[in-house]
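Visitor: One letter stands for each residue in the lines below.
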Amino acid sequence: MKNLVRIGNGQGFWGDSIDAPVRLVEDGPLDYLTLDYLAEVTMSIMQRQKEKNPKAGYARDFVELIDRILPTLIKKNIKVIANAGGVNAPAAAEALKEVARKHGVHDLKIGIVEGDDILNRIDVLVTAGAIFENMENGEPFAQIRDRIKSANVYIGAFPIAEALNQGAQIVLAGRVTDPALALGPMIHEFGWTENEYDKLALGTLAGHITECGAQCTGGNYSRWWEVPDYAGIGYPVIEIQPDGKFVITKHAGTGGIVNRMGVSEQILYEMGDPKHYISPDVVVDFTSLNLRDEGQNRVGVDFVKGAEATPFYKVSMSYFAGYKASGQLTVSGPKAYEKAQKVAEIIWERLKRAGYSFEDTRTEYLGISSCHGDIRPVPEQINEVVLRLSVRDGDYKKVDRFGKEIAPVITSGPPGITGFAGGRPKAQEIIAYWPALIDKNLIKTSVTVVE
Amino acid sequence: MKTIKLYQIAHARSGDKGPNSNAGVVFYTKEGYELGKKLLTVERVKSHLASIVKGEIIRYDLPNLWALNFILGDSLGGGGSESLQNDAQGKTHGQAMLLMEFEVPDDFPADDVGI
Numbered sequence: 051m052k053n054l055v056r057i058g059n060g061q062g063f064w065g066d067s068i069d070a071p072v073r074l075v076e077d078g079p080l081d082y083l084t085l086d087y088l089a090e091v092t093m094s095i096m097q098r099q100k101e102k103n104p105k106a107g108y109a110r111d112f113v114e115l116i117d118r119i120l121p122t123l124i125k126k127n128i129k130v131i132a133n134a135g136g137v138n139a140p141a142a143a144e145a146l147k148e149v150a151r152k153h154g155v156h157d158l159k160i161g162i163v164e165g166d167d168i169l170n171r172i173d174v175l176v177t178a179g180a181i182f183e184n185m186e187n188g189e190p191f192a193q194i195r196d197r198i199k200s201a202n203v204y205i206g207a208f209p210i211a212e213a214l215n216q217g218a219q220i221v222l223a224g225r226v227t228d229p230a231l232a233l234g235p236m237i238h239e240f241g242w243t244e245n246e247y248d249k250l251a252l253g254t255l256a257g258h259i260t261e262c263g264a265q266c267t268g269g270n271y272s273r274w275w276e277v278p279d280y281a282g283i284g285y286p287v288i289e290i291q292p293d294g295k296f297v298i299t300k301h302a303g304t305g306g307i308v309n310r311m312g313v314s315e316q317i318l319y320e321m322g323d324p325k326h327y328i329s330p331d332v333v334v335d336f337t338s339l340n341l342r343d344e345g346q347n348r349v350g351v352d353f354v355k356g357a358e359a360t361p362f363y364k365v366s367m368s369y370f371a372g373y374k375a376s377g378q379l380t381v382s383g384p385k386a387y388e389k390a391q392k393v394a395e396i397i398w399e400r401l402k403r404a405g406y407s408f409e410d411t412r413t414e415y416l417g418i419s420s421c422h423g424d425i426r427p428v429p430e431q432i433n434e435v436v437l438r439l440s441v442r443d444g445d446y447k448k449v450d451r452f453g454k455e456i457a458p459v460i461t462s463g464p465p466g467i468t469g470f471a472g473g474r475p476k477a478q479e480i481i482a483y484w485p486a487l488i489d490k491n492l493i494k495t496s497v498t499v500v501e
Numbered sequence: 011m012k013t014i015k016l017y018q019i020a021h022a023r024s025g026d027k028g029p030n031s032n033a034g035v036v037f038y039t040k041e042g043y044e045l046g047k048k049l050l051t052v053e054r055v056k057s058h059l060a061s062i063v064k065g066e067i068i069r070y071d072l073p074n075l076w077a078l079n080f081i082l083g084d085s086l087g088g089g090g091s092e093s094l095q096n097d098a099q100g101k102t103h104g105q106a107m108l109l110m111e112f113e114v115p116d117d118f119p120a121d122d123v124g125i
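Chains as they are written, first to last, in the numbering used here: chain Y, 51 to 501; chain E, 11 to 125.
There's no promise every hint is true.
[Said to hold, decoys possible] Residues on chain Y that point at chain E, a partial pick, calculated with CB under 10 Å:
(1) Arg151
(2) Cys262
(3) Pro324
(4) Thr360
(5) Arg412
(6) Cys421
(7) His422
(8) Arg426
(9) Arg438
(10) Ile480
Everything labelled a hint here was simulated from the structure, so no lab data went into it.
These figures come from a predicted structure and were not determined experimentally.
Beta carbons are placed, not taken as given, at the ideal position from N, Cα and C, and that holds for glycine.
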């Protein structure tokens, strides 16, 4: 057994830096690279891609990344765990095999973790007793059942560990919890079992701190003016020991900052009840940990309390919920704010006279109050303000009509209006999110390793 | 007594939790945390964020991190892609919290640095 394992996270969300994972494998020591490619809306997009093309439905960015870093992965024996499988991990594995052949690698072992995608099993699961009521507001599943675009269970770290146990160098999963990407290799390396709650809690905490990439190395950090070399910000590396004690750090020579303040902020990021952080593997008590500054850019944790996992998996469903559109105009010069308010009034009145009303509308003044409302007073002198108008409705035609009412006011309203270079705002589909729970006994995960 | 902004004694981060956001406020010192526990009542935060938060506010205390975690109910105009707000994910709500003002004794240590 190794006495120290290094796990770096090079992708905090769908759309994160494409170079960060390359820097992580090249610029310092690393055993595992974890990558998160899935946002909540991503699964529905991938289901649609798969409907059109049975070989699609996974994160293409990941295949391109492996093409860039495969020689380094092999030379340094770095293993990769990613949720890039989306809703079609076998197809992603096929694409990876092609990349491997191109590099002359013929024995690349790819682990495929499946069982999270339950879109085609909803009827079977309902018959078996699944209720799928909305866990946020208790609304019944029947409300959205015929509009579902994707349905995935957040599975845990043990199937990932199993794929590594079977020798996989790259593990492709679909929907797994973000911390599980890091916890999987720990379970594999140190042989942790399902009832070693405190160790699983430490691993989950480490994965939670690093799951958003650079948000624990100086990104989104309150004292931003103290962060060195933002442009070259290093992505996080977990150094973890067999007993679960870990340090959060980053490669030497990279930008950013790792300290107790930034790590504290990230621990609280997207946090609910800190005493009961529920994952499929363990329930973690975030009020039981202490952070230790361990010299420059190193923060350590020795203990956190874990408890037995709940008997449920969380289910993430997405469903069609109508259309929306937003349009922006920049208003400048004398009385810019007053003019912007006038412009908003004109556009809404024109839509009303044309016979249109919407399920929801919103008027915002970017630069004045769009984020924080009236917490701060409106400044006396405003050079320019961006007016942002938005609508939401179930009727595509109405939302589309709204998009045609923004530009005309530039020549038929107050002066000093510009910034309409993007063209008419297009009606976008709203894919809403439905969180639910399901009994773990109803879900079977599977692990296969292909060469 | 003197007036200070919350950002002189604490830092913060926020993000989305379904149709709600959460804002974690971390104090620089234990003294600041003890004061913050008294001053940052749910009622006071609700009043400060009245134009952002439409629902219930819940506070969780983390004495180990000198931190308070606030769940800001119904603050996103619907969750995720349903929202029409410029800040649909509550990314800026932590910064809004830091603008709160308090009266403290003249000798209470507060950072002069502005944000």
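Visitor: Now, for every hint given, state plainly whether the structure supports it.
Guide: Status of the hints after comparison with the structure:
1. For Arg151 of chain Y, the suggested interface contact is broken, since its CB lies about 39 Å from the closest CB of chain E, more than 10 Å.
2. Checking Cys262 of chain Y against chain E by beta carbon gives a least distance of about 9 Å; that is within 10 Å, so the hint holds.
3. For Pro324 of chain Y, the suggested interface contact is upheld, since its CB lies about 5 Å from the closest CB of chain E, less than 10 Å.
4. Because the smallest distance between the Cβ of Thr360 of chain Y and any Cβ of chain E comes to about 18 Å, over 10 Å, the interface hint for this residue is violated.
5. Checking Arg412 of chain Y against chain E by beta carbon gives a least distance of about 4 Å; that is within 10 Å, so the hint holds.
6. This hint holds: Cys421 of chain Y has a C-beta 4 Å from the nearest C-beta of chain E, less than the 10 Å allowed.
7. Taking 10 Å as the C-beta contact cut-off toward chain E, the hint placing His422 of chain Y at the interface holds, the least distance being around 5 Å.
8. The interface hint given for Arg426 of chain Y holds, since its Cβ lies 7 Å from the closest Cβ of chain E, which is under the 10 Å cut-off.
9. Taking 10 Å as the C-beta cut-off, the interface hint given for Arg438 of chain Y holds, the closest approach to chain E being about 6 Å.
10. With a least beta-carbon distance of about 5 Å to chain E, the hint placing Ile480 of chain Y at the interface is held under the 10 Å criterion.
Against the hints set out earlier in the document, violations occur for numbers 1, 4.
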